[in-house]
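Engineer: Spelled out, the chains give:
Number of protein chains: 2
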Amino acid sequence: MFKINENYLKLPGSYLFSTIGKKVAAYSEAHPDKKLIRLGIGDVTQPLAPAIIKALHKAVDEMGAAETFHGYAPDLGYEFLRSAIAKNDYQDRGCDIAADEIFVSDGAKCDCGNIQEIFGQDNRIAVCDPVYPVYVDTNVMAGRAGDWIPEKEMFSGVIYMPCTMDNDFVPEFPKETPDMIYLCYPNNPTGSTLTKAQLQEWVDYANKVGAVILFDAAYEAYISEEDVPHSIYECEGARTCAIEFRSFSKNAGFTGVRLGFTVVPKDLKCGDVSLHSLWARRHGTKYNGAPYIIQRAGEAVYTPEGKAELKEQVAYYMKNAGVIYNGLKEAGYTVAGGVNAPYIWLKTPEGMDSWKFFDYLLETSNVVGTPGSGFGPSGEGYFRLTAFGTYENTVEAMERIKKL
Amino acid sequence: MFKINENYLKLPGSYLFSTIGKKVAAYSEAHPDKKLIRLGIGDVTQPLAPAIIKALHKAVDEMGAAETFHGYAPDLGYEFLRSAIAKNDYQDRGCDIAADEIFVSDGAKCDCGNIQEIFGQDNRIAVCDPVYPVYVDTNVMAGRAGDWIPEKEMFSGVIYMPCTMDNDFVPEFPKETPDMIYLCYPNNPTGSTLTKAQLQEWVDYANKVGAVILFDAAYEAYISEEDVPHSIYECEGARTCAIEFRSFSKNAGFTGVRLGFTVVPKDLKCGDVSLHSLWARRHGTKYNGAPYIIQRAGEAVYTPEGKAELKEQVAYYMKNAGVIYNGLKEAGYTVAGGVNAPYIWLKTPEGMDSWKFFDYLLETSNVVGTPGSGFGPSGEGYFRLTAFGTYENTVEAMERIKKL
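Protein sequences, first through last, are from chains A and B. Per this note's numbering, the very first residue in the first sequence carries number 1; after that it's consecutive. Per this note's numbering, the very first residue in the second sequence carries number 1; after that it's consecutive.
Hints are all accurate, no fakes.
It does not matter which identical chain is used: a pair holds within one copy or between any two.
Below are the EDC-like pairs computed for lysine to aspartate or glutamate, each with C-alpha atoms no more than 16 Å apart in a straight line:
1. LYS10 / GLU117
2. LYS3 / GLU117
3. LYS87 / GLU234
4. LYS3 / ASP272
5. LYS3 / ASP122
6. LYS269 / GLU6
7. LYS286 / GLU117
8. LYS10 / ASP272
9. LYS22 / ASP75
10. LYS319 / GLU396
I should point out that these hints are in silico values taken from the structure, not numbers from a laboratory.
Construct the entire structure; sequences and hints are all you get.
Structural biologist: So this is what it looks like as structure tokens:
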């Protein structure tokens, strides 16, 4: 009789955002007259920029004619997109990353989830706490996280690095030495950042202890301050210790378009084996490339028109972030984030637990957010709101919250 | 120091089609004057049908307006597409499959590769030999295939079921009982099929021994004979033992568009645990849905216009299959396939080995095919040609081969 992967049964409950979705659907059904404002999941609301729409139409037309039709894409992405990424996201920022170190994919979530496959089973992972659930959950599925300890709400095999207001959301080097360190900056969910000097310390640490940093930079487009690095490759020595994940979801509104990429420098090795060759093998064997028309849309992100239009789009969301940040302050909340990231991280009032605050906000103001405890035990007592709503809804949500 | 997944090092050489790509590129560069005809990789050449192009443009326009913009898709696919699939591919054929048993994805290759993750590490897999390399390679990566035995060109932990002209390409039940059985019909690479009665025997066998059948039906659109099942769910009892993979790549030319789906019936269980819930968890955690515009393109496949146009497209490729089949026969080759599948499987002449024949054909007639041994040890002495070229090129390739 066949057996299942028992590791799946160690996952407590369902994926965070599925649970929220179900709770919200149930409330909606019970109260069809209420107008909900969703500032929970990090989904965007603004339409695709005109330069991207134009590129999509053009590519669709190409697919309709035999002379310009495109079948299977190159495993690792079209050269036109990989070159545009290498130049704009890396070389123009002084990062030494070549086009053939970039692997185009259908999104950073998939890559963040799949990357652990190329690592050994007994590697020890370290994550910030709170953290985007995908890092831990995918390691649980792979049997690398140990067992769930209900009373601690932690996995026995994972090194948690608490990030709270007490340490200004900057993790300390863990006591136990990790093999794989997940870092996400600008951070989801806390909206916090590391300075270049702080990130350099992590790169130095990783090189010293022989760890690999899995750096999720999905939110780099929201950085407004000078001293905050957009890529880990701005730090010296990152080529020998870091993999970077990037997404088009948040900088270009591609959540429903699906495009991202992963950078694996050729200098990153375990003995003789380059991780670049392992990831190439995984991509070639288990993936079949991002759609041609979507890769053309990605290319349009880097045109002068695309850049100008997307700068406005990011500014639109960051205006929302300001509305939320200031609105919550006015309402008496303790607030973080929202300056270099589209997330605002607030302390729940009067020691209310995160899910209780979720229900309270949903029921009293019809605003949907994300409970901090869904991101890890140190997220308990916090709550995340996102700046990805419309401006009108964001303003209204703040009016409602101020009235509570 | 971090460690890598050592299982990757057990994979011999690179992914088959990457190797072919490199060989062909090298030949092309050395002989820029030669006109190559590629009948190797199963990539299509006909442009997308007008009904699909129309749907894509419409969906792109929707993405450009705030009122009709779509962000994250539902984890498991849009209801409009899942319903169209359930009705057209299953219910209309008398198969008891519901829309919520269908998981939309970016292609059958990914799903075929990822499905093994939800199974236990010590399950024993059985594959036809020759076989699409993804089934074995992904199990090697997961450490489920044992070690590579170079002299046998086999993995020690895999049950190989030879399919050759001697048994008319119909595998026998293996001596050792497998837990997971990969079947692909119409078959890649041999182009062979099972009758409904033959497939029913496999379903009965799987239910008896407690195995799960992983049924790859990517080529069902090419079935021309009455007695050949389009889906494993045409067989009684398949709901308790089978998962089915489908692709839009070959029936609708989506190789560069990326869309597929997997069916996991809710009756398929291991003890109390439904595989449906495990796959849903995997999808929700590691995948973020197929692009909205691509799912709309998939929906167009099931419209009356889409159906009519795609019927013609399939007929176009099957005309090519006839040209290859008859051309090879005329040239004195022993040939199989090509009737219910876009693949023609030929015996190499005079006991030439598969890669030698690959080089011979490339150098003498500038035709690219796929060496049978790339699909497994029992593929040695065979060679695959595909019907996915243009009609003109296919005719020319046969003229060249006949002249050899």
